[in-house]
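Under full-length UniProt numbering, the first residue of the sequence shown carries the number 1, and numbering increases by one thereafter.
Honestly, the hints are just simulated from the structure, not real lab data. Since this is a predicted model, take the numbers as computed values, not measurements. No incorrect hints appear here.
Calculated cross-link-like contacts (lysine to aspartate or glutamate; reagent style DMTMM-like; alpha-carbon spacing at most 25 Å):
1. K111 x E151
2. K111 x E67
3. K111 x D70
4. K236 x E34
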Amino acid sequence: MGKTSKDKRDIYYRKAKEQGYRARSAFKLIQLDETFHLLDGVTRVVDLCAAPGGWTQVIAERLHPAENPDVQIVAVDLMEMAPLDHAIQIQGDITAQSTADAIIGHFHGGKAHLVVSDGAPDVLGLHDLDEYLQAQLVLAALNISLHILEEGGTFVAKLFRGKEVSRLYAHLGRYFRHVVCAKPKASRNSSFESFVVCQGLHFSHGPPTSMALNLFDLPYEHDHARLAGSTPVLFKSCGDVDGWDADQSYPIDDNNTYAHQEPLQKPINPPYALAKKSKTKLNMLSTLIRVFTLFTDVHDLPNIRIPARLDATHQYYGILLIVLEY
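Take the sequences, apply the hints, and build the full model.
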């Protein structure tokens with residue numbers, strides 16, 4: 001598969017690189033903002049699970065912090081993230097009280113007008129498990145948002161729609177006056193990814209006393225419990241209906257102006273890198289073992305003593321022992 005293959009298959013991936021965005025997900029926030037006007041009149045914004053920074057770029061692009069000193073943008077992620085102009089970065093756990101305190105500290109005691117989260121776990125392909133893990137991440141983002149978002153504020157988070165999503169809507173409806181499920185055009189129709197847009201934060205049931213509480217364990221009033229599985233939530237499509245289709249392949253330009261571009265910012269020390277390295281080593285080891293069995297009985301391996309001067313056969317054994325020892 002050539003380097004241009006993904007550019008053909010994913011128009012938003014290609015356009016993100018052309019327009020200087022770190023991730024194709026930037027277009028999702030652009031389309032959400034065009035529909036819900038999320039960034040209108042706000043000056044304090046928190047981007048949770050921000051790496052590699054595509055949403056932070058859009059926020060900075062639309063709020064012009066260089067021109068408006070009142071604008072403050074905080075990007076939070078557990079993983080390391082390359083710096084972005086006009087954005088304060090916190091490498092921290094969104095489930096930790098210390099992270100919430102650090103955010104409030106950057107706002108000099110104030111609270112955010114808008115909190116967004118585009119975070120997601122590595123998808124396993126097991127829909128029930130993927131939905132559960134994503135719901136837990138949404139709840140973690142909601143939990144910290146209840147401590148860093150001012151009343152009347154807006155919360156936006158990625159979710160996976162599944163059979164248990166109504167329960168998540170019920171929890172969100174406990175704290176927000178308006179809850180909408182939105183699907184940006186940049187999100188593939190083949191994906192069960194959507195975004196929940198929650199507006200009008202209120203604490204009519206009382207604010208949470210601690211981030212250590214599990215929101216799923218909080219008691220419901222009778223009406224909330226009764227409606228948890230039947231509360232209607234508006235579903236809204238975002239983006240130009242005649243715009244780019246995320247599920248369609250588009251040909252590369254024929255005027256010879258196209259040039260393949262690498263992603264603007266690749267992940268820094270991603271958690272999957274170690275697993276990828278281990279898999280490479282295992283593949284190497286498997287190949288070496290198959291080669292060695294051509295030379296001798298593998299049961300002789302424990303008795304091998306590598307001499308000072310190795311012949312070709314023992315060089316293979318030496319490599320194997322080095323790999324095993326490593």
